[in-house]
Structure formats: structure tokens, C-alpha cells
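K.L.:
Note that full-length UniProt numbering numbers the sequence shown so that position 265 is 265, with each residue one more than the last.
Read the hints as simulated data drawn from the structure, not as lab findings.
In this text the structure is predicted, and so the values were computed from the model without any measurement.
Do not take every clue at face value.
Claimed, not checked - With a straight-line Cα cutoff of 20 Å, these simulated DMTMM-like cross-link-like pairs (lysine to aspartate or glutamate) come out: (1) Lys242 <-> Glu210; (2) Lys146 <-> Glu187; (3) Lys180 <-> Glu159; (4) Lys325 <-> Asp229; (5) Lys324 <-> Asp171; (6) Lys242 <-> Asp218; (7) Lys147 <-> Asp93; (8) Lys168 <-> Asp229; (9) Lys180 <-> Asp229.
Stated by the list, open to error - If you anchor each label on the Cβ, the simulated ranges turn out as follows: (10) Asp171 <-> Ser125: 27 to 33 Å; (11) Pro99 <-> Glu210: 45 to 51 Å; (12) Arg259 <-> Gly313: 24 to 30 Å; (13) Met196 <-> Leu81: 15 to 21 Å; (14) Pro61 <-> Arg259: 38 to 44 Å; (15) Arg259 <-> Pro195: 36 to 42 Å.
Every residue, glycine too, gets a C-beta built ideally from N, C-alpha and C.
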Amino acid sequence: MDSTHSDVSSTAASNVDINTLSQLLLQLTQLQNRTSSGTVHPPIDQNSPYFLHPAESPGNPLISLRLNSQNYTNWSRSISLGLESKNKIPFIDGSLPRPEVTDPMYAAWGRCNTYVLSWLHLSLSHDILQSVIWRKVASDLWNDLKKRYYQGDLYHVSELYEELYSAKQGDLSITSYFTKMQAIWEEIDNFRPIPMCLTCTSKCICGLEEMRRYRNEDYIARFLRGLNDQFATAKTQIMLLKPLPDMDSMFAMLTQQERQLSPSIDTPDSQILYAANSGYNFTRGRGRGRGGVNGRGRSSGRSHSTKHCSFCGRTGHIVDTCFKKHGLPPHLQKRGSINNTFTDENDEISALPSTAVKNVNPI
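Sequences and hints are given; from them, build the entire structure.
P.N.:
What follows is the structure in C-alpha cells.
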């Protein structure tokens, strides 16, 4: 009886040892297969800088802008946004250096570095590309370009401030003038940034928020001072607001004023010139008349308008719509000029519509 029980126990122990040994041999075989086939590649999370979408291609440019010797600031901003969308900023700012050869992520790092290098190459002008094409690490290429073309020195900043304080609207629309000024503001903020308030909780007590408000008010005042004279009323109204509006609100107010000052697009050009530069008024009368305009039944004469321009001294309009002071609107600049504002009566007749001038007969 005892011998039978002993045989059963030894058989069970042998089966356990065989199963354990089989599992160990299987694990060893799998490990050898992985080692012989190359480096073990751990799975890559989609939020990892090492992740590359299967549809990604190093031959597709990230941006259309190409770096030259004059546009580094705009280029660096554009390419940074493109690389950030791919989660590849660590490959240019140095926060993800090349790992050791024995590191499991060495191959993945090399592949991503090649992609970033290719994207940078596609965004460079031909001359610049030839000078950096042999750089092997994306962060080294990025730093080389920054050293060459970054113009954050004092002289360049002073040029920006000079351009800011000398800018005038001139022939630009409000939208074009605002875009021009905003580009200068943003470049100044890039070179002379005001730090963010990190220590204050509910209310800023360190003064940084007040500095930011002062700079914003300076930009608004400089923008308003560069506007043309026809916006004098709007400028005064904006400057009297306490507190001053933000940039977007100011822009909305000025574009509304611009639409009010612009002549109606349905008004014929000749009638606009006639109404603004002369005081003539055409009326249709009864009966037959001799020496009238356009034959019978019409006459011409001075209109008795109550409007009087304090700038040119003429009647029929006010200084806010005087073409002699403000120039012709854009849709009339190709057909006439401010020189068409004449000084004597005979010249005024020549500013009338051509059909009217042809039929003017002296009395």
C-alpha cells in the first residue's frame, strides 16, 4: 500500500517538473528568436514623440513658406507650429537627445530624426539648403539656422519701433493698415516678451499685468495717430473711452466708420465728382428754352446747397467728404485724380459728365 502511494507521488512530481521545464524552454526559444532577428521594439504610444502615422511621408512639406535671409521670424513660427502638430518639437529643442545604440528606442529615434530633417530641408531656400544639407541631427540644424538668421539684437528691435512710430495709413484700407501694424506688434512682443504672471493667484500684484496693459494702450494710441484725417471723429471717440477698448473692438469701430465714409457703390462716378467738386445742379423745366443743357426743357445753374466745405471753400459737401482733402476713393482712382478739383467756373464745367459738357452752349 505504501509503495503504491509513493509511486503515484513521484509520477505527479515528474509531470510538474516536465511542465515547468517546457515553459522555460519555450521562453528561452522566444527570447533567442527576438535577439537573432534584431532589437526588441516596444510598442509606441500615439502620444509619444516617436510615433509616426503610417500615412506620414518625409517628402510632403509641412509649410509653404521657405526660409531666406529676411524672414527667419515668420519661418521659425510657421515650422514650429507644423512640427508641434506632429509632436516632434523635442527633436529640435534638444529635449530628446539621441539615445545610446543599445537603447531599444535607438532605431525609432533615428527614423523620427530623419523625418524632421527632411521637413526642415523642404522649408529652406536652395542656397541655405546647400549649406546645411549634411547636418545629421535635426536639433543641430535648427540651432545653426537660429544663430545665422535670428535677428533679436537691439538694432533690429529699434528698427521695429521706428517703423511702428512712423507708420501711416496713407492709401491703405483700415483692414490693410491694421494687418501691417499687427505684424509689427507681434514681432516686438516676440523679441521683447512680457513674462506671464505665475506667482499671483486671484489678482496680479507683481505689476506684469499692468505692464501688459500699458503696452496694449501704446499700440492702440500709435495705431490711431497713424490714421487719415477723415477718421478724426472716430479717433477722438475711442480715446475718450475709459478703459480703452481692446484691439478687436477698436478695429470693429473703425471699419464701421470706414463704411459710413465710403460713397455708395451705386452712385455713378461722374455724379460723385460732380457733387463733390462743383455746385451745379440740373433741373428739368417746362417749355422750350434756348441755350440750355441737352437741348430743350433743361437748364443748368448753381445749386443753393447749405453744405459748405471749410477746407476747399466750396459748397455741396463738407470737409469729411472733401475729395480735395482726402483724395478719391479707391474705385475712382483709376478714372480721375484729385487734380480734377478746379478753381474757376469754366474749369468746373469741365469736371461735369461728358454728355453735359458737350451740350453746354453759352448764353
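K.L.:
Look at each hint and say if it fits the structure.
P.N.:
Verification of the supplied hints:
This hinted pair checks out: Lys242 and Glu210 have alpha carbons roughly 15 Å apart, not beyond 20 Å. Pair hint Lys146 plus Glu187 holds up; C-alpha atoms about 16 Å apart against a cutoff of 20 Å. Only pairs whose Cα atoms come within 20 Å are accepted, and Lys180 paired with Glu159 is accepted, the gap being roughly 15 Å. Annotation: proposed proximity of Lys325 to Asp229 holds, straight-line Cα distance about 9 Å (limit 20 Å).
Between the alpha carbons of Lys324 and Asp171 the distance comes to roughly 14 Å, so the proposed pair stays at or under 20 Å and holds. For the hint pairing Lys242 with Asp218, the CA-to-CA distance comes to about 15 Å; that is within 20 Å, so the pair holds. Of the supplied pair hints, the one linking Lys147 and Asp93 holds, its CA atoms being roughly 14 Å apart against a limit of 20 Å. At most 20 Å may separate the alpha-carbon atoms for a hinted pair to count; Lys168 and Asp229 meet this at roughly 11 Å.
A threshold of 20 Å between alpha carbons decides the hint, and for Lys180 with Asp229 the separation of about 19 Å falls inside it, so the pair holds. Separation of Asp171 from Ser125 is about 31 Å and conforms to the stated range, judged on CB atoms against 27 to 33 Å. A beta carbon spacing of about 46 Å between Pro99 and Glu210 agrees with the range 45 to 51 Å that was offered as a hint. Restraint check, Arg259 to Gly313: a C-beta distance of roughly 28 Å satisfies the suggested window 24 to 30 Å.
Taking the beta carbon of each, Met196 and Leu81 are about 20 Å apart, inside 15 to 21 Å as hinted. Checked against the hint of 38 to 44 Å, the C-beta distance between Pro61 and Arg259 comes to roughly 40 Å, which is consistent with it. The given range of 36 to 42 Å is respected by Arg259 and Pro195, whose C-beta atoms sit roughly 40 Å from each other.
Comparing the model with each numbered hint stated earlier shows that all of them hold.
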